[in-house]
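Undergrad: Below are the chains, spelled out letter by letter.
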Amino acid sequence: MSIPLIVFFACALLAVAGAVTLILAREPVHSALALIVVMLSLAILYLLLGSDFIAAVQILVYGGAIMVLFVYVIMLLNAGAEERTDFSKLAKFAGVPLGFFLLLWTAHWLAHSPAGRAAGTGGAARHGVSTIDLSLLIFRKYLFPFEATSILILVAILGALVLARKSE
Amino acid sequence: MEFITQHPVLVVSLGKIAVLLFVIMTVLAYLSWFERKVIAHIQSRWGPYYVGAHGLLQPLADGIKFLFKEDLTPPVADRLVFTLAPFLALALALTAIALIPFGPPMQLLGQQVFVVSNSEIGLLFLFAITSIGVYGIVLAGWSSNSKYALLGGLRSSAQMISYEVSLTLSVVGVLLLAGTLNFNGIIAGQQGYWWHLIPRWHIFPQIIGFFCYLTAAIAETNRVPFDLPEAETELVAGFHTEYSSFKFAMFFMAEYANMITVSCLATILFFGGWLSPFPDRWTWQLFLPGAALLATGVYTAFDTVAQMRGLKRLQMTIVTLLALGIGSLCLIPVVAHVIQGPFWFSVKVFLFMFFYVWIRATLPRFRYDQLMSFGWKLLLPVSLANLVGTAAWFVWGWMRHG
Amino acid sequence: MSMIPVSWYLVLSAILFGLGVVAFVFKRNIITIFMSIELMLNAVNLAFVAFARAHNQLDGLVFVFFVIVVAAAEAAVGLAIIIMLAQNRESLNIERVNLLKF
Numbered sequence: 001m002s003i004p005l006i007v008f009f010a011c012a013l014l015a016v017a018g019a020v021t022l023i024l025a026r027e028p029v030h031s032a033l034a035l036i037v038v039m040l041s042l043a044i045l046y047l048l049l050g051s052d053f054i055a056a057v058q059i060l061v062y063g064g065a066i067m068v069l070f071v072y073v074i075m076l077l078n079a080g081a082e083e084r085t086d087f088s089k090l091a092k093f094a095g096v097p098l099g100f101f102l103l104l105w106t107a108h109w110l111a112h113s114p115a116g117r118a119a120g121t122g123g124a125a126r127h128g129v130s131t132i133d134l135s136l137l138i139f140r141k142y143l144f145p146f147e148a149t150s151i152l153i154l155v156a157i158l159g160a161l162v163l164a165r166k167s168e
Numbered sequence: 169m170e171f172i173t174q175h176p177v178l179v180v181s182l183g184k185i186a187v188l189l190f191v192i193m194t195v196l197a198y199l200s201w202f203e204r205k206v207i208a209h210i211q212s213r214w215g216p217y218y219v220g221a222h223g224l225l226q227p228l229a230d231g232i233k234f235l236f237k238e239d240l241t242p243p244v245a246d247r248l249v250f251t252l253a254p255f256l257a258l259a260l261a262l263t264a265i266a267l268i269p270f271g272p273p274m275q276l277l278g279q280q281v282f283v284v285s286n287s288e289i290g291l292l293f294l295f296a297i298t299s300i301g302v303y304g305i306v307l308a309g310w311s312s313n314s315k316y317a318l319l320g321g322l323r324s325s326a327q328m329i330s331y332e333v334s335l336t337l338s339v340v341g342v343l344l345l346a347g348t349l350n351f352n353g354i355i356a357g358q359q360g361y362w363w364h365l366i367p368r369w370h371i372f373p374q375i376i377g378f379f380c381y382l383t384a385a386i387a388e389t390n391r392v393p394f395d396l397p398e399a400e401t402e403l404v405a406g407f408h409t410e411y412s413s414f415k416f417a418m419f420f421m422a423e424y425a426n427m428i429t430v431s432c433l434a435t436i437l438f439f440g441g442w443l444s445p446f447p448d449r450w451t452w453q454l455f456l457p458g459a460a461l462l463a464t465g466v467y468t469a470f471d472t473v474a475q476m477r478g479l480k481r482l483q484m485t486i487v488t489l490l491a492l493g494i495g496s497l498c499l500i501p502v503v504a505h506v507i508q509g510p511f512w513f514s515v516k517v518f519l520f521m522f523f524y525v526w527i528r529a530t531l532p533r534f535r536y537d538q539l540m541s542f543g544w545k546l547l548l549p550v551s552l553a554n555l556v557g558t559a560a561w562f563v564w565g566w567m568r569h570g
Numbered sequence: 571m572s573m574i575p576v577s578w579y580l581v582l583s584a585i586l587f588g589l590g591v592v593a594f595v596f597k598r599n600i601i602t603i604f605m606s607i608e609l610m611l612n613a614v615n616l617a618f619v620a621f622a623r624a625h626n627q628l629d630g631l632v633f634v635f636f637v638i639v640v641a642a643a644e645a646a647v648g649l650a651i652i653i654m655l656a657q658n659r660e661s662l663n664i665e666r667v668n669l670l671k672f
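Residue numbers (the numbering used here), protein chains in the order written: chain R, 1 to 168; chain S, 169 to 570; chain X, 571 to 672.
Isolated chain R (complex conformation) (with noise of 0.2 Å):
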């Protein structure tokens, strides 16, 4: 075992882990603890594939801004423990493995595609990827796209403030 491979495993089964609990748990905040650790485990997965400005970015925009406002909203609507709703005997019986069916078929059909095969000889060899590339990429070739993003920020500004606004 190398250590790249030591981490690729942890920060798997933490990803794995951590979704599941935000199934299982019945508190929001628990719910929303589970996915922060989900974002992180995968911003370290972003390291190891040598992103380390996704990587950043992940951790800067998900951990410490968006589940930031989530648990602050968690917080101010004071949401107690969920109510649970018994589900279909269906779902039960017939969706759990049919769901595991699927999964491990992906799982296969993943593992032998054409893109997983010529993918497994790209490997995580560890140089990372310049950022200054990436940035020129974003400021040129995706120049318009990046700018309809600030527009579309703006919009989610007034959005926001259009709802938070007290009616008179």
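None of these hints come from the bench; they were simulated from the model.
Keep in mind that a hint or two might mislead.
Now the in silico label distances, taken between C-beta atoms and shown as ranges [unchecked claim]:
(1) S/Phe523 - R/Arg165: 31 to 41 Å
(2) X/Gln627 - R/Gly159: 26 to 36 Å
(3) X/Ile607 - S/Leu240: 32 to 42 Å
(4) S/Pro242 - X/Val640: 38 to 48 Å
(5) S/Leu344 - X/Gln657: 34 to 44 Å
(6) X/Ser661 - R/Thr106: 29 to 39 Å
(7) R/Lys89 - S/Lys233: 52 to 62 Å
(8) R/Ile151 - S/Ala553: 17 to 27 Å
(9) X/Gln627 - S/Phe379: 41 to 51 Å
(10) R/Pro145 - X/Ile607: 37 to 47 Å
(11) R/Gly159 - S/Ser541: 18 to 28 Å
(12) R/Val16 - X/Ser661: 52 to 62 Å
(13) R/Leu98 - X/Ser661: 23 to 33 Å
(14) R/Gly159 - S/Ala208: 43 to 53 Å
Beta carbons: idealized from backbone N, C-alpha and C, even for Gly.
Got chain R; can you put chains S and X on it based on the hints?
TA: For chains S and X alone, coordinates are given in the frame of chain R:
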């Protein structure tokens, strides 16, 4: 053994982390002493005085007290999150320090000596780590299941998100000047002098950005006058109302560690990091650290003879001997060269810490609505204007010179 | 240093996406449902980064960047809507929000 030879990075990093952790923990302990002492003198009091000479053993006494106090957990609290929160706060606050270079990029065994991790995008990672530091406070507030703690947590998350925007925007001006996110690169870009005298630090072109950064940084670390999350006149103790014993101490240490981080960042971004403020041709500055320590030693020697009696005289003698010994060691040219960078870095950071304490001793607390309108309606537009102005200056330069 | 096949990252991404779908269907709290959407977006991001690595092209990373930006905008508006809903319905249970349902 084979593992160690195969992964020298791991071993060297672990060594650096151990040393840094020891130094930081000592500094954190003595910062509390420093803060109490300075505030006391500003308010015409003596401050800690009884434990050790000049209260120098007070941090030790405090530490022992924190360790042996009863550790209470409220029965209605969410046990897991309640325990997790202080660890999260302290661990994240300490992790951020790993990215900060304390001295020039000197190499030893193929590794940089004065920084644990020299990332190509260090600044971005630092912001990432400090931005998730808020969870310690928010989760502490939520899990305590108490109204004061909850209000403290709510306030803190709103405040952190609001001021983080201004904090990041105020730094972008410096990034435009430096053209890199790497700390060593940012500091290297501040080398040189205007008229052979004034150092080319970013503080001079970016003075507006600096003041925005300073204000937002004080708010980010929840210090007076922005310490709304723990406003004791309204919220008992805010988010750490229910915490006792060592968990409380961890929040305390996390706050000081955050102060150190933002001070280090201010030093790196605006004040040239480890660079000396004097021109290179003034060679006598090489002996400044040693001379300063020797002067301290002489002063404490005088203090020992004139003021101290009994056990305290013995303690002050030890301090005097340490100061004189290390001071004369620093006069050796080789040591003086190595110590130069870390010396100037710590002097600048120390000045920022003093500034923090000074602010705390003099300013009253904001009201909550004032805090929010100040952050969004004044600080954010000003830092945005600074960014736009810097960018415009660059574009103007390009248009003139092509 | 041994290589980690990119297909492993893709499998992990598939698992996370699947768990996100499961959470989306099973959860009853609006906020956690919203969180499971974020989980799915994250899973997709992982696939993007893995493919960008496999093909040595940075375009995938730019996409991840855009996805994160859009997710931030979406969270701001979505949470504002959730606060309005919670104030109007006095509950966060998704089954109480059925005004448009016949």
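Undergrad: With reference to the structure, classify each hint as holding or not holding.
TA: Checked hints:
1. S/Phe523 - R/Arg165: 31 to 41 Å: Hint holds: Cβ distance 39 Å, inside 31 to 41 Å.
2. X/Gln627 - R/Gly159: 26 to 36 Å: 34 Å, holds
3. X/Ile607 - S/Leu240: 32 to 42 Å: At roughly 39 Å between Cβ atoms, leucine 240 of chain S and isoleucine 607 of chain X fall inside 32 to 42 Å, so the hint holds.
4. S/Pro242 - X/Val640: 38 to 48 Å: For valine 640 of chain X against proline 242 of chain S, whose Cβ atoms are near 41 Å apart, the range 38 to 48 Å holds.
5. S/Leu344 - X/Gln657: 34 to 44 Å: 43 Å, holds
6. X/Ser661 - R/Thr106: 29 to 39 Å: With a Cβ separation near 36 Å, serine 661 of chain X and threonine 106 of chain R satisfy 29 to 39 Å, so the hint holds.
7. R/Lys89 - S/Lys233: 52 to 62 Å: 60 Å, holds
8. R/Ile151 - S/Ala553: 17 to 27 Å: Roughly 21 Å apart at Cβ, these two residues keep to the hinted range, so it holds.
9. X/Gln627 - S/Phe379: 41 to 51 Å: Distance hint for glutamine 627 of chain X, phenylalanine 379 of chain S holds at roughly 43 Å.
10. R/Pro145 - X/Ile607: 37 to 47 Å: For proline 145 of chain R and isoleucine 607 of chain X the Cβ distance comes to about 21 Å; the hint is violated.
11. R/Gly159 - S/Ser541: 18 to 28 Å: 22 Å, holds
12. R/Val16 - X/Ser661: 52 to 62 Å: At 31 Å between Cβs, range violated.
13. R/Leu98 - X/Ser661: 23 to 33 Å: 32 Å, holds
14. R/Gly159 - S/Ala208: 43 to 53 Å: 51 Å, holds
Hint compliance for this structure: hints 10 and 12 are broken, all remaining hints hold.
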